[in-house]
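Residues per chain are reported as follows:
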Amino acid sequence: MMKQDLIVYLGVLILALVFYFVITEPVVFSPTVSLILIGIIGLVLLYILIKTIRGQVFGRRTVFLFVGIAVVLPFFMSIRQDIKLSPEVEELYNAVMALQPGSKVLVSLDYDPPSAPELQPMAESFFLLCFRRDLKVIVMGLWPQGPQQAELAIQKILDRPEMASRNIRYGIDYVNLGFQTGNEFVIQRMGGSFRSMFSTDYYGTPYDSLPLVRNITNFNNIDFSFNLSAGYPGTIEWVQVAVDRYGVKLGAGNTAVQAPQVYPYLRAGQLTGLLGGLNGAAEFEKVTGVLGKGTKFMVSQSFSHVIVIAFIIIGNVAYFMGRKQETKKKQ
Amino acid sequence: MRREIPLIITAVVGFVYVIQYFIPHYPFNNLNGWFSDWFSIIGACAIWLGALNLMRISFDKVYKKRRDWGYSIIIILSFALIVVIGFGGGRDFRDLGTNFDWLYRFIYTPLSATMFALLAFFVASASYRAFRARNLEASLLLVAAFFVMIGRVPVGDALVTKVAGLISLPIPDAVLPSKIATWIMNYINAAGQRAIMIGIALGIVSTSLRVILGIERAHLGGE
Chain A
486 MMKQDLIVYL GVLILALVFY FVITEPVVFS PTVSLILIGI IGLVLLYILI KTIRGQVFGR
546 RTVFLFVGIA VVLPFFMSIR QDIKLSPEVE ELYNAVMALQ PGSKVLVSLD YDPPSAPELQ
606 PMAESFFLLC FRRDLKVIVM GLWPQGPQQA ELAIQKILDR PEMASRNIRY GIDYVNLGFQ
666 TGNEFVIQRM GGSFRSMFST DYYGTPYDSL PLVRNITNFN NIDFSFNLSA GYPGTIEWVQ
726 VAVDRYGVKL GAGNTAVQAP QVYPYLRAGQ LTGLLGGLNG AAEFEKVTGV LGKGTKFMVS
786 QSFSHVIVIA FIIIGNVAYF MGRKQETKKK Q
Chain B
1246 MRREIPLIIT AVVGFVYVIQ YFIPHYPFNN LNGWFSDWFS IIGACAIWLG ALNLMRISFD
1306 KVYKKRRDWG YSIIIILSFA LIVVIGFGGG RDFRDLGTNF DWLYRFIYTP LSATMFALLA
1366 FFVASASYRA FRARNLEASL LLVAAFFVMI GRVPVGDALV TKVAGLISLP IPDAVLPSKI
1426 ATWIMNYINA AGQRAIMIGI ALGIVSTSLR VILGIERAHL GGE
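Taken in sequence, the protein lines are chains A and B.
Each residue of the first sequence is one higher than the last, beginning at 486 in my numbering.
Each residue of the second sequence is one higher than the last, beginning at 1246 in my numbering.
You may find that some hints are simply not true.
As the list claims (entries may be wrong) - Keeping only pairs whose Cα atoms sit at most 30 Å apart, straight-line, the calculated DSS-like set for lysine-lysine is: (1) B:K1309 / A:K488; (2) B:K1424 / A:K778; (3) A:K589 / A:K771; (4) A:K589 / A:K778.
To be verified - Have a look at the derived ranges for each label pair, beta carbon to beta carbon: (5) B:A1419 / A:T517: 33 to 43 Å; (6) B:G1315 / A:M582: 52 to 62 Å; (7) A:L520 / B:I1433: 28 to 38 Å; (8) A:R645 / B:N1275: 44 to 54 Å; (9) A:S650 / B:L1341: 29 to 39 Å; (10) B:G1315 / A:R645: 40 to 50 Å; (11) B:C1290 / A:L528: 52 to 62 Å.
Since the hints were made in silico from the structure, they are not lab data.
Here the structure is a predicted model, which is why all the values come from computation and not from measurement.
Ideal Cβ placement from N, Cα and C applies to all residues, glycine included.
Just need the whole structure built from these sequences, with the hints factored in.
In structure tokens:
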């Protein structure tokens, strides 16, 4: 078993090296070629459907192959999608736009790299919007890797040419308080005193030496809060402690898996806006006017959703054909 | 005493946390602060305990040459590498451009994202095999899943509009897949989630009370 695994890993490594050294220029198919490829995939799916009706059952490897194609192929296609704004994304955007310049925004990044493809574009768009609006950003994390993800996102935003003229300074315009262990207890203690939970920032600078947070005691000094979450602790804990107990105004960005769980809070008004999954990230990118990875990856997501739906239909056809044959046999 | 002391600690901490929620004044606010500090200290120690336990299990696996012991060697080497580079980098080990940052960005991030991405393949395979219209409930779930999946991506609306345009059929905004998906999320999903959350909350309350009152002792290794 291990020998087989090693052969597969070696194959992947060789493929990666070929892509890195041989295909040095990015490959982009024209819209016509892209449409032809989509047509071919559609025809193959139709062929699978016909074969299924005739009684042939396709295994999971076929599904894996099609999902792989659906995810990878769009990266080489020049296809654009019309992304529409949902009410929950619009609500979050309006809430940020309603803040006065100089308002203090607390951003908690409660996720790690596995969820970064969905949540990192949200973080980047949110930081960009905050810096453009001259909002003061305080970053923290209830997950160990959260503040590190924040550093990557902020650095990417600060590298943009438009940010150079704004002269955004650490400690004055934004602060990274880092990670603190304790899950919802951290939020609860922050309700009494931020200083008690974050005696130093991410870089070890004492709390009182940071001009931005020096006068911030608790949630009463925060104008808006935004949480990016991939699980526990995350948005649900922020709502239950920060919103319900301390009256914090909170917006959230969640992975597509977690988003359905927080809809009750959105409907109850405990959440001010929600970015759900990659679609939420793409919508927020659209509304902020800077298209990034969220928008780019949405094509792959659209393709894979269509492929999954196609295979669900094929699976149901196979199920009904099987039942029909069983009934015939019984008769 | 080995059982009584943990039970007393659990009861005192549990009651203080409940009381301080309703009476956030002295002495409960102070007690709450102390206990929260202890929670953080225990949490920090647990991280070390977890790491050391992982090493112990991995070394044991390699020593006894259990199944797939080769992967345990990779775990040990990776752990050693990241610990040495992390501690070797001093206080600023996480700064952009450091060796630790390089490992984080170009090894840890892609590897963990790959693990998460595998979910797409399993979800697709599971949907293909399990999403069957066996009865009314399953059919309703199937229809809801169909609209959520197609409505949560822009291609859904585009397809419906395109097909409707081809046969010159006027499509009202309310029946676009994105609108139907939003409706399902806001009403049907929210109602279901509320029911689940209320159930979970009641379960947590009853279990917490059992733990605080010392009726439930499973966490102490008892019955």
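Here's how the hints hold up against the structure:
no., hint, verdict
1, B:K1309 / A:K488, "holds (20 Å)"
2, B:K1424 / A:K778, "holds (24 Å)"
3, A:K589 / A:K771, "holds (24 Å)"
4, A:K589 / A:K778, "holds (27 Å)"
5, B:A1419 / A:T517: 33 to 43 Å, "holds (35 Å)"
6, B:G1315 / A:M582: 52 to 62 Å, "holds (55 Å)"
7, A:L520 / B:I1433: 28 to 38 Å, "holds (36 Å)"
8, A:R645 / B:N1275: 44 to 54 Å, "holds (47 Å)"
9, A:S650 / B:L1341: 29 to 39 Å, "violated (22 Å)"
10, B:G1315 / A:R645: 40 to 50 Å, "holds (45 Å)"
11, B:C1290 / A:L528: 52 to 62 Å, "holds (60 Å)"
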